[in-house]
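There are 2 protein chains.
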Amino acid sequence: MRRAIEYQRSPCPVASTLDLVGDKWSLLVVRDLIHGKSTYGELVDSPEGIPTNILADRLKRLEAAGLVVKSAYQERPVRFAYALSEKGIALGDVLQALVRWGKKNIPGTRTLTEIRPAAARGGSGNRPGRIRAKAARAR
Amino acid sequence: MRRAIEYQRSPCPVASTLDLVGDKWSLLVVRDLIHGKSTYGELVDSPEGIPTNILADRLKRLEAAGLVVKSAYQERPVRFAYALSEKGIALGDVLQALVRWGKKNIPGTRTLTEIRPAAARGGSGNRPGRIRAKAARAR
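Same order as they appear, the protein sequences are chains S and P. When we follow our numbering, the leftmost residue of the first sequence carries the number 9, and every step to the right adds one. When we follow our numbering, the leftmost residue of the second sequence carries the number 9, and every step to the right adds one.
One or more hints might be untrue.
Since the list gives no way to pick out one identical chain from another, each pair is judged satisfied if it fits inside one copy or across any two copies.
Distance condition first, Cα-Cα at most 30 Å in a straight line; then the derived DSSO-like pairs of lysine-lysine [to be verified]:
#1 K78 / K68
#2 K78 / K45
#3 K78 / K112
These are calculated hints, taken from the structure and not from any lab test.
Using the sequences and the accompanying hints, generate a full structural model.
Rendered as structure tokens:
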């Protein structure tokens with residue numbers, strides 16, 4: 009029965025998971041949704057300055073994979089909120105492993121919740137990169 | 009002092025780790041090295057059929073990041089063996105998280121060690137995809 013399933017590359021769970029989230033951005037979107045962000049505007053406003061076309065594409069792909077659920081929270085103009093499904097929330101385990109590895113092996117890395125406002129660029133309480141993200145959106 | 013460190017996107021350990029291995033192939037190379045593969049020929053011969061130019065690029069990047077150590081095991085012609093550094097081996101934790109998530113959330117996925125020869129294509133004892141990988145190399 010299992011042979012009827014078509015895998016993109018192989019039935020290996022690592023390969024199959026990377027087929028869904030194996031890129032530089034998808035797991036950052038999952039990270040932000042886990043941290044309570046829900047709107048497009050909030051998601052685009054992250055330190056990494058995700059390009060808007062990539063954010064739109066990743067949200068679409070995560071939704072198609074059943075990791076993200078999209079729902080309208082406003083009509084005229086319609087606006088959407090994004091939330092993780094149960095499967096999406098379960099990726100928190102992968103994120104935690106990445107956090108542990110990064111903090112141990114890449115000097116100076118620290119989770120966003122560990123970055124105090126005083127350390128942010130400009131010291132205005134903005135998260136680092138917020139300015140860059142805003143500039144990117146203004147283009 | 010920490011502000012002197014230049015991060016590719018942000019000091020977030022998830023983002024910084026994905027800057028190194030956030031793609032569809034790098035962690036599969038790490039998976040294979042953890043499973044005891046060491047030569048280019050062994051690495052190219054995986055079920056996913058990694059294109060040779062991508063394998064060469066990923067090995068170079070993993071070596072530059074200090075995750076893989078390359079050493080000559082033969083002269084004339086010189087041939088290299090690849091092994092994980094301590095940092096590279098530590099990515100096993102991330103791989104295990106991906107395995108757990110994949111097995112739970114993508115029906116039918118199973119680790120390569122769980123695939124018995126009888127289940128392989130052609131039933132010849134080859135791993136699935138080996139034929140495809142060979143064909144890719146022959147191009």
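Okay, the hints, checked on the actual structure:
no.	hint	verdict
1	K78 / K68	within (9 Å within a copy, 39 Å between copies)
2	K78 / K45	within (13 Å within a copy, 42 Å between copies)
3	K78 / K112	between (35 Å within a copy, 23 Å between copies)
Every hint, counting from the list given before, is met by this structure.
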